[in-house]
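The chain contents come next:
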Amino acid sequence: GQQLNQSPQSMFIQEGEDVSMNCTSSSIFNTWLWYKQDPGEGPVLLIALYKAGELTSNGRLTAQFGITRKDSFLNISASIPSDVGIYFCAGQGNAGGTSYGKLTFGQGTILTVHP
Amino acid sequence: DAGVIQSPRHEVTEMGQEVTLRCKPISGHDYLFWYRQTMMRGLELLIYFNNNVPIDDSGMPEDRFSAKMPNASFSTLKIQPSEPRDSAVYFCASSPGPYTGELFFGEGSRLTVL
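Order-wise, the sequence lines are chains A and B. The opening position of the first sequence corresponds to residue 1 in my numbering, with each subsequent residue numbered one higher. The opening position of the second sequence corresponds to residue 1 in my numbering, with each subsequent residue numbered one higher.
Looking at chain B on its own, in the form it has when it is part of the complex:
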């Protein structure tokens, strides 16, 4: 079975540009998470969905960030406008349920904002 698929793997953009990161969770997983990883702050939860509905977006840094999950097999994380401090690795993860705590992570999207 395919794991969590993220795209792009690497993105370099200029400040002010819009960035869209994409995620395809593992089929049958009801939970989808977006995490951001930086050296300074480690792994931070940005938002998570259950059955395509956003449950907790308290980790979304500010209004420039938005996430959607239009169906069970696709989610996007958008940053508009992007800033240099948004540079990080963004991970998508999915889970069949909260009961075990096991998240299946994608390989990440490394974003560099110049």
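In isolation and in its complexed conformation, chain A is listed as follows:
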């Protein structure tokens, strides 16, 4: 089945620092998404990317859909304490394929921000 390799597994940073995490896949995805999970909550969508090469920003977050459609990265600039949580990448397959409509998630990156 499709698998996503997300790195790093965890990060410990100081408030104000920039953060970068990425995701790679052996399969092509038509959509890449980044979710954040706060403790005790379900994941929430941060950014969605729909076209190879697309670069999208949402406030301090920037994400890119790799040209090969097999990778994506997420950057967080000027981190703040509320950025703490688990960040997941997710990929969605092709329309008409058996994987259409469902997401495959990476293993997550645990982010800790020290004030």
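One or more hints might be untrue.
[To be verified] Covered by chain A, according to a simulated footprint, are these stretches of chain B (three or more residues, beta-carbon under 8 Å):
no., segment
1, 10-23
2, 103-114
[As the list claims (entries may be wrong)] Now the in silico label distances, taken between C-beta atoms and shown as ranges:
no., chain 1, residue 1, chain 2, residue 2, range
3, B, G16, A, Y50, 45 to 55 Å
4, B, M39, A, S27, 18 to 28 Å
5, A, T56, B, R110, 49 to 59 Å
Since the hints were made in silico from the structure, they are not lab data. Remember, it's a predicted structure, so these values are computed and weren't measured experimentally. Backbone N, C-alpha and C define an ideal beta-carbon position, used for all residues, glycine too.
Use these hints to put chain B onto chain A, whose structure you have.
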């Protein structure tokens, strides 16, 4: 608008007992997903429905697991009999369609099987 509602939030049971987890999706969402989250395996898709019909149940671990969606506003995930290795957080999520990839997750049901 209310989000995805799951119950119970926490369940502790003994091995061999039947467990039923419940989910109410966001009104108007045609897709419903059940995910399981563990430290070892991360977020795994168990099954998903479109318009109340199961589309892909290839992630259901074994016959002890079953899921139903009798109508557009309710779904259940049942484990019978439960085993300690079923301990996990089970998430229900709904989506208005597959086109954007955005899933709206509930707060999860934390299951502990002793």
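Hint-by-hint comparison with the structure:
{"no.": "1", "hint": "10-23", "verdict": "violated (count 0)"}
{"no.": "2", "hint": "103-114", "verdict": "holds (count 5)"}
{"no.": "3", "hint": "G16(B) <-> Y50(A): 45 to 55 Å", "verdict": "holds, 47 Å"}
{"no.": "4", "hint": "M39(B) <-> S27(A): 18 to 28 Å", "verdict": "holds, 25 Å"}
{"no.": "5", "hint": "T56(A) <-> R110(B): 49 to 59 Å", "verdict": "violated, 33 Å"}
Checked against the numbered hints given earlier, the structure breaks hints 1, 5 and satisfies all the rest.
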